[in-house]
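Participant: The chain contents come next:
Protein chains: 2
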Amino acid sequence: MRKATAPPRKPLFGTELSVLNVGLASFAEEIVRAGGSASQVAWQPPANGDAETGATLARLVNAPAIEAANSKACEAFLAAQPMLSGVGVAREVLKGMSGRTILHSGPPIAWSRMCGPMRGAIVGAILFEGWADDAKRATAMAASGDIAFAPCHHSAAVGPMSGVISPSMPVWIVRNAKQGNSAFSNLNEGLGKVLRFGANSPEVIARLKWMADVLAPALRGALEVMGETPVKPLMAQALHMGDEVHNRNVAASSLLVKRLAPALLKTRTALADIAAVLDFIAGNDHFFLNISMASCKAMLDAAQGVPNSSMVTAMARNGVEFGIRVSGLGDRWFTTPAPVVDGLYFPGYTIADAAPDLGDSAITETAGVGGFAMAAAPAIVKFVGGTPQDAAANTLAMGHITMVRNDAFTLPTLDFAGTPACIDIRRVVDTGILPVINTGIAHREPGVGQIGAGVTRAPLACFTQAVAALGAVVPPGKE
Amino acid sequence: MRKATAPPRKPLFGTELSVLNVGLASFAEEIVRAGGSASQVAWQPPANGDAETGATLARLVNAPAIEAANSKACEAFLAAQPMLSGVGVAREVLKGMSGRTILHSGPPIAWSRMCGPMRGAIVGAILFEGWADDAKRATAMAASGDIAFAPCHHSAAVGPMSGVISPSMPVWIVRNAKQGNSAFSNLNEGLGKVLRFGANSPEVIARLKWMADVLAPALRGALEVMGETPVKPLMAQALHMGDEVHNRNVAASSLLVKRLAPALLKTRTALADIAAVLDFIAGNDHFFLNISMASCKAMLDAAQGVPNSSMVTAMARNGVEFGIRVSGLGDRWFTTPAPVVDGLYFPGYTIADAAPDLGDSAITETAGVGGFAMAAAPAIVKFVGGTPQDAAANTLAMGHITMVRNDAFTLPTLDFAGTPACIDIRRVVDTGILPVINTGIAHREPGVGQIGAGVTRAPLACFTQAVAALGAVVPPGKE
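As given, the protein sequences belong to chains S and Z, one line each in that order. With the numbering used here applied, the first sequence corresponds to residues 4 to 482, in that order. With the numbering used here applied, the second sequence corresponds to residues 4 to 482, in that order.
The reader is advised that the hints may include incorrect statements.
No copy is singled out in the list; a pair is fine if it fits within one copy or between any two copies.
Unchecked claim - Distance condition first, Cα-Cα at most 20 Å in a straight line; then the derived EDC-like pairs of lysine to aspartate or glutamate:
#, residue 1, residue 2
1, Lys-385, Asp-288
2, Lys-235, Asp-410
3, Lys-269, Asp-282
4, Lys-269, Asp-356
5, Lys-196, Asp-356
6, Lys-139, Glu-206
7, Lys-385, Asp-418
8, Lys-269, Glu-227
9, Lys-139, Glu-78
10, Lys-196, Glu-132
11, Lys-181, Asp-136
12, Lys-235, Glu-70
13, Lys-385, Asp-410
14, Lys-181, Asp-393
15, Lys-196, Glu-95
No wet-lab data here; the hints were simulated from the structure. Predicted, not measured: the structure shown is a model, and the values here were computed from it.
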C-alpha cells in the first residue's frame, strides 16, 4: 500500500497509451480499467493451441516442396475444362460398379452405421434394381452383406444428399477436355419425396424408372445434337445471375433448359416424351446442381495426386462423418463426426429433426463456388439465412484459406474478383477459418425429405489430421 | 491597414471555425485560405435557378391537392397486375391503326424531322406491309403524307428504339388484371440487322414475315396453354437474377423460355416450327424486353389521368426529342431535344456515329426498373459502363426523386429494399437529380444497328415545363 506522503511514482510510459492486445483479453481489460485505450484482436493459436500440430504446421508453412506442389495442383485445377459430354448408365461408365454395388455420398461407411436418409435411399435403389420386391426384404439384403457399398468419390462420381447411385441408374458424364479425366453424377429428381432424401415409395421408384427409360435417352440425344458443352462458361454466367451453383441453380438450370429444348426437338424422341421431359426439367430449379457437382469433381480430380500438395480436393459427408481428401495424400479420407446444421428450418421442423450434414455437394465449395461464391448470390440468404452482407463476408473470408482467385468465375458485386479457390489445409488450421458450406438439411428419418437449409462449416479436425499426415509425408529437412 | 501599435482586434469568433458552405464555393475557399476549415456542399438552386419555376415549385411542394393525387396515382401503380395475355395483330388490337398508320417511339414527330434509324424502320414497315415494293418508293410514300404517323404511346403501346409498329405486325397483349387497361408491344427481333435499329434489307423483312406467320401464332397457342401469366413475379425473380429488365433480360428471357417450351409442345404447331421458334427465342437474351416494357406501360397507365398528380407516367425518345407525360396533365408531352449518349461504344464506333437517345424503353425506368434497379444488375456495368458501386449508387439516388418503394420488386444487394418508383416532377426539378436511363445506342444512319450502350439522364427541361404546366392546372389558393 502506497503512503500518501511517498514521492509520486514516475509514470512507466511518457505518452498516452493506445494498446492493441493479442491473446488473453484480460490484459486489454486491465488497461481500459486503468483509464487507457486498448483494442482486443480476435486471435487464437493455430490448431486450437495443439502444440504438436502447431509444430508440424510451423515446419510446413512456406515449405518449398509444398509451395511448388500447390502451384502445380492449382494450375491443374484452373486449367481444367469440364465438358458436359453425355448421359451414361452407371454400370457401363463407372469403375467398380460390377455386380450388386451401390454408391453413396461422403467417406466410406458400413450399413450398420448409416444415417436414416441413406438407408432409405439404399432400400429404394434395391427396389429400383429389382433385387428385392419389398422394403423389408431390401433392408435385410442391405444388412446381409450381399451388397457392396462404396463412396461415389471412389468411382469419380458425386451425388447430392445420400448420393445413392445403383448400377442401372443414368449418370451425367462430364469430361475434362484439358487433362482427360471424367467425372459423374446422378440426375436430379426434383424436390419433395425423392430418393436422395431417403424416400423409396412406389412413386419415387416409378420416377426413377421414368428417368432411366425416358429422361436419360432424351437427354443423351439432345447432348448429341448440342455436342460437348463447356460447363465453366455456363457456371460463370449463372454466377452473374445470382446463382452460387450449389443451393441456388435457377439461372444455370434455366440457361441449360434454353439449350436443351431446341436440341430435344432435333432428336428422335417422341413428342409426348419431349413434352414430359421439358415439363420435368423446366419444373426443377435444382436440375443443374448435379452437373455443377460433376464439373467441380472433374476440375478437382485434375489437381488430385500431386505429391506434397496441401490442396483440398474433396469435402464430403455421409450423414455420420465429414471427410476430406488432399491432393498430396492420395485416396485417404480424413474424417470426423458430421455436424448438425443450425440453419433455417421449414415450418414444423427443428434442428432436433435433422440428420447430420450429408452429401457430396460440398464438392462445389471445394471448387470455390457454393458458399465460397455467396457474394454472387445475395438472394440465397432468404433460403440459407443471414444477410446479403454476410454472404459477401463469407466469400471474402474464404480468401484467407484459399490459394487462388479463379478468374473463370467472377463476382460482380466484388468488382468482378474471381472466386476464392483451392483450399489449403495449412491455412485452415493456421487461421481457424473453416470452409463455409451452403447446404440442404435432410430429416433424420428416411423419406421425410428436405426440412431446411443453412450455412455450415467444415469441421477443423479433418484439417488437423490432414496436416499431421502431410507432416509425415514431408519429413523434416525435406521441405 | 492595421498599425503594429494598434491594440489587437478582438477576434470575431471565440472558437475555431468549422464551416459548411452552401452556395458559391468562393466563400468556403476564403475561409480555408484564412486557415479555417470549410466544406463545400454540392447544391444548386432548384430549376437551375430559374426564378419563375422556383416560385411555382415553392407553391406546389407539399400542396395537399397534389399529395392526395399522388397517393392515388402511386397506389394505382403499385396495385396494377400486368398479365401476359396473348399475341394479337396490331390492326386488330390497337386503337387508331386503321388504314395506313405506322406507330413510332417517343413523342409525336413528322417524317421530315425523324432520325435515320426511325426513317429506315418506317421504310422497312412499308415494305413489310407491301404498300411499296422497293425502298425508294417506300421513302417517297412516307414523305408524301399518305401514311399517318403516331406515337406508340397514343395506342397504349411501346416499342424499343425506333418502336415502329405497322398494322400487320404481331404485338404482345399485356392486360392489367387490377384496373382492366391493356398495353402492347411489338415482338423482339434479336440483335444485329433489325428493323428497330432502322435496317430494312430483305433478310429483315423476311424475318418480320416469319415472326408474323410462324412465331406469333405459335406464341399465341403457347400462351393459351399457359393461361394468363402474371408478369410482376417474373420480373421480380429476374431482378434477383441480375437483370434490370431493360438492357439485361437474360434471366427473364430464360425463365420465359422455360415456361414457353413445354407449352409450345402442347399446341398444334408443326414440330419443325416449334424447333425454329425455340431456336429463335432461346437465342435472344433480349426477348423478354418487350414484355417488360408493355408490363411497365400497363402499370403506369393505371396511374395516368389522376387530376393534380405530379407523377411521371411516361418517358420516351424519338431520336430527336425526349418527352415525358405526367399523370395529372393528360395526354400532353413535355419535350426537349434528346441527348446523345456518352456510353460504351462497340469497336470502330464513337459518339459521333450515334443517333440521339431513341426508344420507348425508358418506360422501364419510369416504372422504377431499368436504370432505377441497377443495384440488382451489377454485371450490367460491363455493357453500359461504370462500376458495380455506381450501379448501386444510381438506384439509391433515384430514391430522392421518387415517391415509393415498390415491394413487388426487391433488390437483394440493398437488403431487399423495393425499387424506387413513381417519379415526381417536383422532386426532379427541386433536387436537379435527373432520372437515370440504361439504353442501347443506335447508329445515326439507318440499318447499321446498335453501336453501343450506356447510362444517360432524362433532360431537366421536360420536367421544368411540366412543373410550369402543373402550376397552371393547380392555381394559387387551390393547392
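Participant: Determine for every hint whether it applies to the structure shown.
Facilitator: So, going through the hints one by one against the coordinates:
1. Lys-385 x Asp-288: Within one copy only: 16 Å inside, 27 Å across.
2. Lys-235 x Asp-410: within (11 Å within a copy, 34 Å between copies)
3. Lys-269 x Asp-282: Result: close both inside a copy and across copies, 17 Å intra and 11 Å inter.
4. Lys-269 x Asp-356: neither (47 Å within a copy, 42 Å between copies)
5. Lys-196 x Asp-356: within (16 Å within a copy, 59 Å between copies)
6. Lys-139 x Glu-206: within (17 Å within a copy, 66 Å between copies)
7. Lys-385 x Asp-418: Classified as between; 11 Å across copies, 23 Å inside a copy.
8. Lys-269 x Glu-227: within (10 Å within a copy, 25 Å between copies)
9. Lys-139 x Glu-78: neither (50 Å within a copy, 61 Å between copies)
10. Lys-196 x Glu-132: Classified as within: same-chain Cα gap 19 Å, cross-chain 55 Å, threshold 20 Å.
11. Lys-181 x Asp-136: neither (44 Å within a copy, 55 Å between copies)
12. Lys-235 x Glu-70: Cα proximity of Lys-235 and Glu-70: none, with 26 Å in one copy and 52 Å across.
13. Lys-385 x Asp-410: between (27 Å within a copy, 15 Å between copies)
14. Lys-181 x Asp-393: neither (35 Å within a copy, 38 Å between copies)
15. Lys-196 x Glu-95: Neither: 28 Å inside a chain and 48 Å across chains, both beyond 20 Å.
In the structure shown, a violation is registered for the earlier hints numbered 4, 9, 11, 12, 14, 15, in ascending order.
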